[in-house]
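Asks: Here's the letter readout for the chains.
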Amino acid sequence: MTKKNEIPANSKSSPLEKFGKANVIITVKNLVKKFGDFIANDHLNFEVYKGEIFGFLGANGAGKTTAIRILCGLSKPTSGELNIAGFDGYKDTEKIKKNIGYMSQKFSLYEDLTVVENIRFYGGIYGLSSKDIKERTQNLIEKLNLDEVKDKLIKDLPLGWRQKLAFSVAILHEPKIVFLDEPTGGVDPITRRQFWDMIYEAANNGITVFVTTHYMDEAEYCNRVSIMVDGKIAALDTPDGLMKTFDAKNMEEVFIKLARGANNNE
Amino acid sequence: MRTILFILQKEFTQIFRNKSMLPIMFVMPIVQLLVLSFAATFEMKNIKMHIVDLDKTPQSRAMISKFKGSKFYTIVNYSDAYKIAENDLKTNKADIILQIPQYFERDLTKEDKASVQLTINAINGSAAGLINAYTFSIIKEYNRNVLMEIYGQKLEMPVQTNTSFWFNPQLDYKTYMVPGILVLLVTIIGLFLSAMNVVREKEIGTIEQINVTPIHKYQFITGKLLPFWIIAMFELAFGLLIAKIIFSLPVLGNVGVVFTVASIYILAILGLGLFISTITNTQQQAMFIAWFFMVIFILMSGLFTPIDSMPDWAQKLNIINPIAYFIKVMRMVLLKGAGFADVLYQITALTVYAFVSLTLAVIMYKKKS
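So the sequences go chain by chain: H and S.
For what it's worth, our numbering labels the leading residue of the first sequence as 1, then goes sequentially.
For what it's worth, our numbering labels the leading residue of the second sequence as 1, then goes sequentially.
What the hints contain is simulated information worked out from the structure, not anything from laboratory work.
A hint or two may mislead.
[As the list claims (entries may be wrong)] The calculated lysine-lysine pairs, modelled on DSS-like cross-linking and capped at a C-alpha distance of 30 angstroms, are:
{"no.": "1", "chain 1": "H", "residue 1": "95", "chain 2": "H", "residue 2": "152"}
{"no.": "2", "chain 1": "S", "residue 1": "368", "chain 2": "S", "residue 2": "202"}
{"no.": "3", "chain 1": "H", "residue 1": "34", "chain 2": "S", "residue 2": "368"}
{"no.": "4", "chain 1": "H", "residue 1": "34", "chain 2": "S", "residue 2": "45"}
{"no.": "5", "chain 1": "H", "residue 1": "76", "chain 2": "S", "residue 2": "366"}
{"no.": "6", "chain 1": "S", "residue 1": "368", "chain 2": "S", "residue 2": "217"}
{"no.": "7", "chain 1": "H", "residue 1": "34", "chain 2": "H", "residue 2": "131"}
{"no.": "8", "chain 1": "S", "residue 1": "113", "chain 2": "H", "residue 2": "106"}
{"no.": "9", "chain 1": "H", "residue 1": "176", "chain 2": "S", "residue 2": "83"}
{"no.": "10", "chain 1": "H", "residue 1": "34", "chain 2": "S", "residue 2": "83"}
{"no.": "11", "chain 1": "H", "residue 1": "29", "chain 2": "S", "residue 2": "48"}
{"no.": "12", "chain 1": "H", "residue 1": "91", "chain 2": "H", "residue 2": "232"}
{"no.": "13", "chain 1": "S", "residue 1": "66", "chain 2": "H", "residue 2": "106"}
{"no.": "14", "chain 1": "H", "residue 1": "232", "chain 2": "S", "residue 2": "367"}
{"no.": "15", "chain 1": "S", "residue 1": "45", "chain 2": "H", "residue 2": "106"}
{"no.": "16", "chain 1": "S", "residue 1": "336", "chain 2": "H", "residue 2": "91"}
{"no.": "17", "chain 1": "S", "residue 1": "113", "chain 2": "H", "residue 2": "98"}
[Unchecked claim] Here's a subset of chain S near chain H, in silico, CB distances under 7 angstroms, partners left out:
{"no.": "18", "residue": "20"}
{"no.": "19", "residue": "23"}
{"no.": "20", "residue": "107"}
{"no.": "21", "residue": "113"}
{"no.": "22", "residue": "117"}
{"no.": "23", "residue": "188"}
{"no.": "24", "residue": "209"}
{"no.": "25", "residue": "213"}
{"no.": "26", "residue": "218"}
{"no.": "27", "residue": "364"}
{"no.": "28", "residue": "366"}
{"no.": "29", "residue": "369"}
For clarity, every value in this text was computed on a predicted model and none was experimentally measured.
The C-beta atom is built at its ideal place from N, Cα and C for all residues, glycine as well.
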């Protein structure tokens, strides 16, 4: 499949050097989301810098999906401030939507449409011109080696291919930020690796990547990582920084040390 | 506008890729038209009669032959004991018992009057009423014959009734039913397709992906609605054609009126369906709610039972029954030749209905939870 199997060298450089505070693209201040008495997000505070890969980690039920849904404008926050791609998270949700892409853990392509039909549909509703749709479809099919299956229904494709395609469709309109909610769940290691190559490529093209994951090796691919425990952000730093702080050999140890104190662990 | 075209293209592709869709569109209407039109009738054609003739005289046989000669009656059994007849009634082998008592002929000739006994199964009240009326008119006919025999001349009744049946001179029940069944057809397809649609995207999860796009609510609803609107209009045309060919349905009025009202009516129904779809979370819930409305609307619509004989509150309730309006329009236009002016009230009501249901659907479709 794709030949670029190496992680780019700059992947582990400090985001503050490369991205800098001046280029903040997501600002979240005191974000709270309650469902009745249950506090899913408890005063979240963080910034995401333009072009970085921001890992959003946490155990099941820690509040990751709730937060990502708020950032995408799918869910209303209870309180707090939100600024995404320069737009207010309360008033300008529709403007935000033009500037973001989203790939959920629930499968997002239409299974009864073909590869080409899915690309055309999503390109169309994001307002791409027919010429752009045609060009980008062609590029995508070449890049993902989908030529033989381009007229096959999505339901006939293996999961790994679907996930890669779903990601490509999520960034088809060249958004400023792409939100990925557990994009590699249930995918084999090789495809996972290829998927991360695609994430790096997107980041190198200037797209900010906001990704939630369960896999701790993937956490190490991120520029910065935040770890949520019980609806709060328990730690936020570069993977190296976190390992140093928590005196851990790898991210898995960091995660276990942090998550051990959680109430909501499954 | 361009966005809507992309949604339309997607919806049509999905609808026609679904293999059960074409049979639903072509076979269902034909089956419904054929089965319902022939089966749903109030005419009594096979009244099963059990005769207990205890007299066995020329006069009693004359009365029996009247019933034998009627195309409405089938004599299922003769017996000499009322008990046997009663048993037939109980076991549904007979609908009516005619008992001619002993000395029927003697009483008739000597005392100028005699009585017979009728026992009718009245579990179905309206059918019993009809049987009663039919039977009475046959006995009345018999009476006239007896009088003629006695007085030997043709009797002239002082008041004569001449009935002429307007708008359905052959009293063909199908002529009355088919326009209503056509309404049923477009309603079923429109309501169910639309009610199941948005909720299906919720179940699969694709609605989330739509909701993170900058698509407008009205674009989404329009894109969902138009394909079903086109399909339902096509169904109506297809159904009308079949009705014309198979039942020689009279089309006295302007078909343009029918289609104009249909175009509004279908919007109202689709609005209702999409509304149901937006307030439910699973296809099962949507199905049950759609059925709930469907059954109430159909049974109250006047398709099977006349609205005029419903209680006052039920007639008032039909103000919110779109099916009742459209059935009325169909019957008026097709059978009576009514024009736009005659159905203005129904057009107005359906327009309001369509506006309200579509607005509700757009409002209740939330891109954000």
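Asks: Decide if the proposed pair is consistent with the structure: residue 113(S) and residue 98(H), CA atoms, cutoff 30 angstroms inclusive.
Replies: violated (94 angstroms)
Asks: Closer than 7 angstroms between Cβ atoms is the bar; does residue 364(S) clear it against chain H? Give me holds or violated.
Replies: violated (16 angstroms)
Asks: When you check the alpha-carbon spacing of residue 113(S) and residue 106(H), does it fall within 30 angstroms?
Replies: violated (86 angstroms)
Asks: If you draw a straight line from the CA of residue 336(S) to the CA of residue 91(H), is it 30 angstroms or shorter?
Replies: Violated, at about 56 angstroms.
Asks: Sort out whether residue 131(H) lies within 30 angstroms of residue 34(H), counting only the CA atoms.
Replies: Violated, because 45 angstroms separates the two Cα atoms, which is more than 30 angstroms.
Asks: Could you check if residue 209(S) really has its C-beta closer than 7 angstroms to a C-beta on chain H?
Replies: Cβ of residue 209(S) sits 4 angstroms from chain H, so the hint holds.
Asks: Below or equal to 30 angstroms on CA atoms is what counts here, so check residue 95(H) against residue 152(H).
Replies: Given pair residue 95(H), residue 152(H) is violated - Cα atoms ~34 angstroms apart, limit 30 angstroms.
Asks: Take a quick look at whether residue 76(H) and residue 366(S) sit within 30 angstroms of each other, Cα to Cα.
Replies: Holds, at about 11 angstroms.
Asks: For the pair supplied as a hint, residue 34(H) and residue 83(S), is the alpha-carbon distance within the 30 angstroms limit?
Replies: With Cα atoms ~76 angstroms apart, residue 34(H) and residue 83(S) exceed 30 angstroms; violated.
Asks: Let me know if the C-beta of residue 113(S) comes in closer than 7 angstroms to any C-beta of chain H, holds or violated.
Replies: Given a least distance of 78 angstroms, the restraint on residue 113(S) is violated.
Asks: Closer than 7 angstroms between Cβ atoms is the bar; does residue 20(S) clear it against chain H? Give me holds or violated.
Replies: violated (12 angstroms)
Asks: Should the hint that residue 23(S) touches chain H count as held when the rule is a Cβ pair under 7 angstroms?
Replies: With a minimum Cβ separation of about 17 angstroms from chain H (threshold 7 angstroms), the hint on residue 23(S) is violated.
Checked against the numbered hints above, the structure breaks hints 1, 4, 7, 8, 9, 10, 11, 13, 15, 16, 17, 18, 19, 20, 21, 22, 23, 26, 27 and 28 and satisfies the rest.
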